Each structure stands twice: as C-alpha cells, then as structure tokens.
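When you get a sec, could you build the whole thing from the sequences and use the hints?
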Amino acid sequence: MKKDVWHIGGHELTSRFFIGTGLFPSPYVQKEAIRESGAEVLTFAIRRINLASTEDDSILQHVEGESFQYLPNTSGASTAEEAVRIARLARASGLSDWIKVEISANERTLLPDPLETLKATEILVKEGFTVLPYTSDDPILCKRLEEAGAAAVMPGAAPIGTGLGILNPYNISLIVEEAKVPIIVDAGLGSVSDVAQAMELGVSGVLMNTPVAKAKDPVGMARAMRLAIEAGRLSYLSGRISKKRYASASSGHEQFIVK
Amino acid sequence: MGGGVVGLSCAFELQKRGHQVTVLEIGRCGGQASGAAAGMLAPYSENVEGPDDFFHLCKESLRLYPAWRNEVRRISGRAFEYTESGSLYIAYHEADRLALEGRRLWQNEHASSGIVLEGDALFRQEPMLSRDVKAALYTPEESHVYAPDYVLALEHACRLIGVQIFEQLGKVTVAEWRNDIVVASQDGQSFTGDRLVVCNGAWAQELEEAFDIRIPVYPIRGQICAYEAEVKPVQHMVFCNQGYLVAKENGTLVCGASEDVAGFDTSVTERGIERLRKWNKQAFPFLAEQEPFHRWAGLRPSTQDGFPLLGPLKQSAGRVVMAAGHYRNGILLSPVTAQVVADYIDGGGSPLSAFAPERFTH
Chain A
1 MKKDVWHIGG
11 HELTSRFFIG
21 TGLFPSPYVQ
31 KEAIRESGAE
41 VLTFAIRRIN
51 LASTEDDSIL
61 QHVEGESFQY
71 LPNTSGASTA
81 EEAVRIARLA
91 RASGLSDWIK
101 VEISANERTL
111 LPDPLETLKA
121 TEILVKEGFT
131 VLPYTSDDPI
141 LCKRLEEAGA
151 AAVMPGAAPI
161 GTGLGILNPY
171 NISLIVEEAK
181 VPIIVDAGLG
191 SVSDVAQAME
201 LGVSGVLMNT
211 PVAKAKDPVG
221 MARAMRLAIE
231 AGRLSYLSGR
241 ISKKRYASAS
251 SGHEQFIVK
Chain B
1 MGGGVVGLSC
11 AFELQKRGHQ
21 VTVLEIGRCG
31 GQASGAAAGM
41 LAPYSENVEG
51 PDDFFHLCKE
61 SLRLYPAWRN
71 EVRRISGRAF
81 EYTESGSLYI
91 AYHEADRLAL
101 EGRRLWQNEH
111 ASSGIVLEGD
121 ALFRQEPMLS
131 RDVKAALYTP
141 EESHVYAPDY
151 VLALEHACRL
161 IGVQIFEQLG
171 KVTVAEWRND
181 IVVASQDGQS
191 FTGDRLVVCN
201 GAWAQELEEA
211 FDIRIPVYPI
221 RGQICAYEAE
231 VKPVQHMVFC
241 NQGYLVAKEN
251 GTLVCGASED
261 VAGFDTSVTE
271 RGIERLRKWN
281 KQAFPFLAEQ
291 EPFHRWAGLR
301 PSTQDGFPLL
311 GPLKQSAGRV
321 VMAAGHYRNG
331 ILLSPVTAQV
341 VADYIDGGGS
351 PLSAFAPERF
361 TH
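Quick note, the sequences are listed as chains A and B, same order.
Read in my numbering, the first sequence has 127 at position 127, and its numbers run on one by one without any break.
Read in my numbering, the second sequence has 330 at position 330, and its numbers run on one by one without any break.
No lab work stands behind these hints: they were computed from the structure.
Incorrect hints may appear among the rest.
For the chain A half of the interface with chain B, some residues (derived, Cβ under 7 Å), not all of them [stated by the list, open to error]:
| # | residue |
| --- | --- |
| 1 | Arg48 |
| 2 | Glu107 |
| 3 | Thr109 |
Keep in mind that this is a model prediction, so the values were computed, not measured.
Idealized CB from N, CA, C, for every residue including glycine.
Structure, rendered in structure tokens:
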C-alpha cells in the first residue's frame with residue numbers, strides 16, 4: 001500500500017499531529033508526550049523563546065538534537081505589522097522559515113483577527129516564508145488565505161484552550177471541500193472524539209497543545225490523540241456509511257435461506 | 001519521611017498541635033530542593049495560565065506566610081530573610097503585552113494589585129534593567145525568603161519543641177502500613193507510629209511498590225548560580241520566560257534555574273550555568289562583566305500533572321498521608337501543606353480531590 005504521506009511547502013510529512021510545546025507540567029513530561037505523539041512538527045510562541053541563543057532556550061533545549069520541523073507562531077501579535085516583525089525575528093535567528101500567523105486582538109477569547117491575518121499572510125508569502133495562518137472557520141476567508149499563498153490553512157475548531165471541540169463541523173467540511181492546500185484544524189479541540197471527528201471531516205492534520213499538556217496524564221493523552229488521528233484518517237479514507245432513519249439487519253438472513 | 005521544607009513544616013505544625021513527631025531523613029535536612037531553592041513566594045508569577053486549584057493552593061500559602069514566618073522565627077529564635085520586594089515579570093516583545101494584560105486581568109480578581117509597567121515607570125522601579133525590556137507585570141504582593149536560613153530555622157524550631165530528627169539514614173523503607181506504621185532504616189533501626197506522612201519529594205516514586213499505587217514523581221534538576229553584589233542592584237524578584245533573578249540581603253544575586261531532565265544526577269554543568277548567564281545579561285547588562293561566585297543544583301519533584309500529591313492514601317484508611325511533588329513551589333507551599341496535613345490528621349479537613357495521591361492509579 002502507498003504510504004499515506006502529505007506535503008507542506010515541499011516538505012513531506014507522515015504524522016498528522018502538530019503539537020504545541022507550552023503548558024506541560026515539566027520538561028520530562030513534555031519530552032515523553034512529544035515522543036509518544038509521533039509529531040514531526042513542533043509549534044511554540046516566538047515571544048517565549050530566547051532568540052538570542054535558541055539552543056539554550058528553556059523550552060527548545062529539551063528537544064535539541066532531534067529532527068523536528070519547527071513551526072514558530074506569532075501569538076501575542078495584535079496587528080499584521082507586529083506579526084510580520086516577529087516572523088522576521090524568528091527567521092533571522094535561524095529557527096525556521098515556517099511561520100504560523102496568529103493574530104488576536106482580544107485577550108479574553110484570543111480569536112484570530114481575520115483582516116490582519118490575511119494582510120500578514122500576503123506580506124510573509126511575498127518574503128518567502130512558508131506561511132500557515134491560524135484563522136477563524138470561515139470558508140471564504142480560508143479560501144482567500146489559500147489564494148494569498150498560504151502553504152496550509154489552519155481554521156480553529158473553537159477558541160484556544162477551551163476544549164469545546166468543533167463548533168461548526170459544517171464549515172470545516174466546506175473548507176476542506178474547497179481547499180487545494182492542506183487544512184489543519186488548530187485550537188479548541190478537547191478530546192479524542194473531537195480529533196477523530198476533525199479527521200473524518202477530511203482535514204489533513206490537527207494542531208493541539210492544551211488537551212495534551214493539561215491532561216492528567218499528558219503522555220497517555222498524547223498517545224490517545226495519535227491513535228484518534230490515525231483512526232479518524234483511516235475512517236475518512238475508508239468512507240463511512242450514510243445515515244439511515246430505520247434499522248437494516250446486519251445479519252441479512254435472505255442469503256442464508258436454502259432454496 | 002523526609003526532612004525537606006515540607007517534612008519539617010508538617011512536623012512543626014503537628015508537634016505544635018500536640019502530636020509526637022519523628023522526622024526520618026536519608027541525607028541531611030534541607031539537603032535537596034529545599035536548600036537549593038531561591039525562596040520565591042510567587043503564586044502569581046509561577047501560575048501564568050489561570051486560576052486553577054494549584055494556583056489557589058499557592059495563593060492561600062502566601063496568605064498564611066506572614067503569621068507562619070513569625071511563628072517559626074519566634075520558636076526558633078532565628079531570624080531569616082523575608083523580603084516583601086514585589087515582583088516584575090518582564091517581556092521583551094510587544095507581543096507579550098497581550099499575555100501580560102490577560103494575566104493581569106484574571107490575577108486582579110484574585111487578590112493581586114498587579115499592573116503592567118512600561119518605559120520610565122518601569123525603569124524607575126528597576127533602574128538597572130535592560131532597556132530592551134518592553135514591559136513588565138508588577139505584582140507587589142509577591143515576596144521571597146532566604147531558603148537555606150528558613151529551612152535551618154524550621155529544623156531548629158522543630159528540635160526545640162521536641163520533634164525527633166534522624167538524619168543520614170541512607171535508605172528507609174516502609175515495612176508495614178496496612179495495620180500499623182513501621183519504617184525501617186538501612187542501619188537496622190525500626191521506627192513505629194500511628195501515622196506516616198510521606199514528604200520525600202523527588203524520591204516518592206520509590207514507594208510505588210510498597211503502597212501498590214502509581215506515584216509519577218520525577219526529579220527535575222535545577223541549576224542555580226549567584227553573583228556577588230555589593231550594592232543591591234536588583235530591587236524586585238525579576239522573572240522572565242527563561243528564569244528569575246532575585247537579590248538577597250546577604251549581598252548575593254541569585255539566578256535560577258535550569259529545568260534539566262537528568263535523573264537523580266545533582267551535578268552542576270558548565271552548559272547549564274552558561275545558559276543562565278546568557279539570559280541574565282540580557283535582563284541586566286551589568287552582569288555581562290560578572291562571574292558567578294557560587295553554583296549549585298537540587299532536584300525538584302515534578303509530577304505527571306503538575307499538581308502535588310497531597311492527602312491521605314484511601315487504601316490505608318488515612319494512616320498514610322502524602323505531601324510530595326511540590327516541584328517548583330515547595331518553599332511557598334510549606335505553610336499550607338503543613339496546615340492541610342495537620343487538619344486532616346486532626347480530623348478537621350479533607351484535602352482537594354485534585355491532589356489525591358491515588359489519582360494516577362486505576
């Protein structure tokens with residue numbers, strides 16, 4: 001069977017799990033959870049990183065020497081201008097030319113500002129970044145981001161850290177239908193059922209941090225999420241049955257009747 | 001079991017309430033995380049995400065501290081530094097403002113009078129701070145103690161009120177806990193009691209087999225260094241996302257701390273200290289010229305979910321009480337831990353289920 005791989009900006013990926021490095025109770029648990037997740041892409045806030053010597057950073061030192069693709073994010077930015085500035089800093093430090101655009105203007109909901117996100121995406125694409133914007137789950141907006149040159153588009157399931165799950169599965173499925181770049185559900189997932197649902201809707205991957213890091217057993221949860229992604233993906237590829245209103249026997253007697 | 005700050009605090013509180021307490025310590029009292037700690041009493045700077053159960057425990061302990069400090073000082077007859085310096089959580093990026101503001105909003109609802117400072121207002125508070133710092137969350141309520149002296153005072157106070165302390169026991173094992181408490185030490189001594197309070201920090205996991213439960217406590221090494229400072233160059237506890245700096249009365253500037261995954265290895269590494277020095281000088285440029293005169297390390301007990309194991313073992317019918325896994329906040333949490341444990345033993349309270357020691361066992 002052909003390996004189920006996918007690509008972002010020419011980079012081949014096997015895992016469909018992007019994991020955030022924040023909020024873990026300790027570096028030991030963080031390390032074990034990341035390992036158990038099977039993730040190839042790690043994401044973190046650039047503002048939390050010591051860019052002057054990234055190899056000494058309090059978070060990155062614990063994943064040193066392993067071959068992760070870094071996806072730094074611009075969280076904390078409230079305008080396109082700020083996000084662009086942060087992205088340039090990250091690239092200049094040699095971390096990565098992948099950038100997750102994350103622009104929120106409201107400290108309570110942290111919901112993405114769609115206009116500023118589009119603006120920042122246009123600028124960063126022109127500057128040669130591999131841009132993955134985190135955005136609201138609006139199908140038209142997601143299409144616009146793709147047209148602006150985003151390498152993947154990352155609609156939120158729900159506000160960051162809420163664990164509310166996919167608030168609008170209909171929108172997510174429309175976004176997937178229309179997309180020519182990978183769609184990654186980012187933010188708001190809470191449980192394995194949310195994750196499996198996202199994958200069944202046909203997204204290419206999911207990005208999570210809080211539901212793993214804040215679980216009672218983050219290592220166990222990382223594994224559970226990995227399996228949910230696999231199960232959801234396989235279900236999507238295998239094609240679920242259509243829903244029917246009434247029962248139809250699964251033990252079908254007719255074919256057993258001897259004529 | 002355990003003569004760190006948590007064990008000594010429980011012993012102190014219980015002995016005061018009329019129990020006869022024996023402390024069993026495999027090395028010397030305060031020899032690990034307790035003695036290595038920088039002594040920050042900083043529930044707000046240590047809990048940046050939101051007001052969860054752990055934050056409330058930390059905040060309650062800060063509230064208890066002044067009275068607790070007075071009691072330890074009065075009974076021990078020893079002074080130890082307790083400085084109400086307030087803290088600054090500094091940020092280098094414009095992008096941190098949103099996070100600082102978000103933190104200020106929820107922390108103001110929980111007894112912090114914190115404000116975000118910028119520019120001149122910030123540099124007036126902390127003149128030597130790097131001008132690259134864009135803003136800081138100033139929390140006046142946070143303070144710090146000089147941990148080695150505090151732990152010594154606690155130990156002294158314990159001895160003065162009749163706590164028996166056995167040190168250098170090498171190894172201790174729980175021989176019996178279902179019907180009676182019997183703890184044996186390597187040299188053949190046997191200790192009995194009505195209750196066993198387990199306060200052995202990073203070593204708690206060793207008891208998994210004895211109690212037949214999962215105890216996911218992992219040692220995380222913290223490396224610290226100190227600079228000599230004649231005139232107090234840093235006025236507040238200064239936190240950033242890489243660590244903290246705090247000036248002590250004795251003319252030292254303490255800078256911590258790494259979080260290393262290194263098992264039970266307590267050695268200090270060149271790279272570990274270098275790493276501290278690199279960001280130190282970003283926060284305070286005058287440190288570029290200075291060499292730390294002292295470097296040390298201790299093992300913090302981290303847990304799988306970041307919360308301590310605090311409360312009775314149900315399967316022991318409350319005979320065994322755990323108070324371990326305080327990770328970065330043992331010094332801060334010592335008064336509240338002593339109170340929770342003593343209240344439980346005196347029949348006056350049940351610790352939060354979020355901290356139940358058996359929560360990891362299915």
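Here is how each hint holds up against the structure:
For A/Arg48, the shortest C-beta to C-beta distance to chain B is roughly 5 Å, which falls under 7 Å, so the interface hint holds. Because the closest C-beta pair between A/Glu107 and chain B is about 4 Å apart, less than 7 Å, the hint holds. Taking 7 Å as the C-beta contact cut-off toward chain B, the hint placing A/Thr109 at the interface is violated, the least distance being around 10 Å.
Consistency with the previously given hints fails for number 3 only.
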